[in-house]
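Asks: Two independent chains are provided; combine them into the complex using the hints.
Going line by line, the protein sequences match chains S and D. Going by my numbering, the residue at position 35 of the first sequence is 35; the numbering climbs one at a time, nothing skipped. Going by my numbering, the residue at position 113 of the second sequence is 1113; the numbering climbs one at a time, nothing skipped.
Misleading hints may appear alongside valid ones.
Unchecked claim - Distance condition first, Cα-Cα at most 30 Å in a straight line; then the derived DSBU-like pairs of lysine-lysine:
hint : chain 1 : residue 1 : chain 2 : residue 2
1    : S       : 5         : S       : 57
2    : S       : 71        : D       : 1041
3    : S       : 68        : D       : 1041
4    : D       : 1078      : D       : 1051
5    : D       : 1054      : S       : 42
6    : D       : 1041      : D       : 1054
7    : S       : 5         : S       : 58
8    : S       : 5         : S       : 68
9    : D       : 1078      : D       : 1041
10   : S       : 57        : D       : 1041
11   : S       : 42        : D       : 1051
12   : D       : 1051      : S       : 15
To be verified - Okay, the calculated beta carbon distance ranges per label pair:
hint : chain 1 : residue 1 : chain 2 : residue 2 : range
13   : S       : 96        : D       : 1066      : 23 to 29 Å
14   : D       : 1012      : S       : 40        : 16 to 22 Å
15   : D       : 1054      : S       : 40        : 41 to 47 Å
16   : S       : 3         : D       : 1097      : 23 to 29 Å
17   : D       : 1022      : S       : 59        : 20 to 26 Å
18   : S       : 72        : D       : 1071      : 39 to 45 Å
19   : S       : 16        : D       : 1063      : 23 to 29 Å
20   : D       : 1063      : S       : 46        : 31 to 37 Å
21   : S       : 9         : D       : 1010      : 34 to 40 Å
22   : D       : 1010      : S       : 108       : 28 to 34 Å
23   : D       : 1080      : S       : 108       : 31 to 37 Å
24   : D       : 1008      : S       : 46        : 21 to 27 Å
25   : S       : 61        : D       : 1081      : 43 to 49 Å
What the hints assert, rightly or not - Part of the chain D face toward chain S, derived, beta carbon under 7 Å:
hint : residue
26   : 1043
27   : 1048
28   : 1067
29   : 1068
30   : 1091
31   : 1104
32   : 1105
33   : 1109
No lab work stands behind these hints: they were computed from the structure. We put the beta carbon where it would ideally sit given N, CA and C, even for glycine.
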Amino acid sequence: QQQVKQSPQSLIVQKGGISIINCAYENTAFDYFPWYQQFPGKGPALLIAIRPDVSEKKEGRFTISFNKSAKQFSLHIMDSQPGDSATYFCAASTMDSSYKLIFGSGTRLLVRP
Amino acid sequence: EAGVTQFPSHSVIEKGQTVTLRCDPISGHDNLYWYRRVMGKEIKFLLHFVKESKQDESGMPNNRFLAERTGGTYSTLKVQPAELEDSGVYFCASSPRAGNTIYFGEGSWLTVV
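Bound-form chain D, shown alone (with noise of 0.2 Å):
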């Protein structure tokens, strides 16, 4: 069975630049999640997606940060215009239901230059 599933695993932009981010879940997981951990800190939720519903985006840091889940599939995260601070890695999770083991990807390392 095929794992959390990112692209693309790294990115070097431009700071004022647009970077998207996309994310396969688990085939079946309902819940999606974006985390990030930037350099030197703890990972830190995102938001979490039920389907094509955002259940809760109280991680978001800012309006230059769009997560869309079209369909229920896969999710894409967008940076727009990305920042120096914006730096690190982005891991996408997936689970059947919440409350149940979170499944993480293996990451998207950005790098804002």
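Just chain S, same shape as in the assembly (with noise of 0.2 Å):
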């Protein structure tokens, strides 16, 4: 059973263009939900969180959109570029257990110039 359902699996943008990655959860104790961004031969990398006190958190292009009663949140990459070609992971946890991340399946994003 995926707990953290993660779409699209890849997705292709043009250089400037909004990459949009989508992630829906069961668990309603979840009160925790990390993006990863993971590039060819790393370890993912923490890119930007949210709780659920909040609707949105901007962190420069990345924007995270959450809603809380449609058990739903998003990454949203503004003015996307070549750089930002990556696997994003979309993640959660509960207070109780924070170190045990729930990962989604994983976005291969890649923007082209």
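Replies: Here you go:
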């Protein structure tokens, strides 16, 4: 049973466009929702994270939108750049097991020049 | 500051053999985690150490997997005997305290043939 469902599996965007990756979760006890970015040959690196007390968090070109009632959250990459090409993972965890991240299946993003 | 270091980066072994993966966490990080991503699946939590103590090993798939963290410094993950379905990438991660940002290593790619 996959607790965090991520889509799309792959995404191609032109430079300057908006990349949108969506995740849905089932466990209402989740209270921490990070996004990780992974480049080939590297480990996942924390990109941005949100807690359910806010509906949106923005850091530079990266924005997380959070919809608690729908149990969905998404990553928006504005003005996408070729250097953003990577695999993106959404994840979730609960307060009492904050270290135990439940990952989505990943989205391979390719930003074309 | 050195990040999480894993060794070996790649390993190819035959079914039934033993492999030991090593992880050196970021200096001063008491919390150490093992995750893995088998082919086509999402990244999954295996276990969590606080110093030398196993806090949560609920994600360990079976008793063919043994993790240790002697002295609370580096950790090893032994797979004995390895099976084909163990193929994938094994990530080690660390954090100063549970609930802090988790920093991942580059992973150890394991191929069992």
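Asks: Now, for every hint given, state plainly whether the structure supports it.
Replies: Consistency of the hints with the structure:
1. 5(S) with 57(S): Distance ~21 Å between residue 5(S) and residue 57(S) Cα, so the pair holds.
2. 71(S) with 1041(D): Satisfied, since the Cα-Cα distance of roughly 22 Å is no more than 30 Å.
3. 68(S) with 1041(D): Since the Cα atoms of residue 68(S) and residue 1041(D) sit roughly 26 Å apart, the hinted pair holds (cutoff 30 Å).
4. 1078(D) with 1051(D): holds, 18 Å
5. 1054(D) with 42(S): OK: residue 1054(D) and residue 42(S) at ~26 Å, within 30 Å.
6. 1041(D) with 1054(D): It holds: about 25 Å lies between the C-alpha atoms, which stays within 30 Å.
7. 5(S) with 58(S): Measuring from Cα to Cα gives roughly 22 Å; hence the hint holds.
8. 5(S) with 68(S): holds, 15 Å
9. 1078(D) with 1041(D): With a Cα-Cα distance of about 21 Å, the restraint between residue 1078(D) and residue 1041(D) holds, given a limit of 30 Å.
10. 57(S) with 1041(D): Cα-Cα ~28 Å, so holds.
11. 42(S) with 1051(D): Holds - the C-alpha atoms of residue 1051(D) and residue 42(S) are around 25 Å apart, at most 30 Å.
12. 1051(D) with 15(S): Judged against 30 Å, a Cα distance of about 45 Å means the pair is violated.
13. 96(S) with 1066(D): 23 to 29 Å: Because 26 Å falls inside the window, the suggested range holds.
14. 1012(D) with 40(S): 16 to 22 Å: With Cβ atoms ~19 Å apart, the hint holds.
15. 1054(D) with 40(S): 41 to 47 Å: Check failed, 32 Å falls outside 41 to 47 Å.
16. 3(S) with 1097(D): 23 to 29 Å: holds, 24 Å
17. 1022(D) with 59(S): 20 to 26 Å: violated, 34 Å
18. 72(S) with 1071(D): 39 to 45 Å: holds, 44 Å
19. 16(S) with 1063(D): 23 to 29 Å: violated, 52 Å
20. 1063(D) with 46(S): 31 to 37 Å: holds, 32 Å
21. 9(S) with 1010(D): 34 to 40 Å: With Cβ atoms ~25 Å apart, the hint is violated.
22. 1010(D) with 108(S): 28 to 34 Å: violated, 21 Å
23. 1080(D) with 108(S): 31 to 37 Å: holds, 33 Å
24. 1008(D) with 46(S): 21 to 27 Å: Holds: the Cβ-Cβ distance is about 25 Å, inside 21 to 27 Å.
25. 61(S) with 1081(D): 43 to 49 Å: Roughly 47 Å apart at Cβ, these two residues keep to the hinted range, so it holds.
26. 1043: holds, 4 Å
27. 1048: Nearest chain S Cβ about 5 Å off; hint holds.
28. 1067: violated, 15 Å
29. 1068: For residue 1068(D), the interface hint is violated, since the closest Cβ of chain S sits about 18 Å away, which is over 7 Å.
30. 1091: holds, 6 Å
31. 1104: holds, 3 Å
32. 1105: holds, 5 Å
33. 1109: violated, 10 Å
The earlier numbered hints that this structure contradicts are 12, 15, 17, 19, 21, 22, 28, 29, 33.
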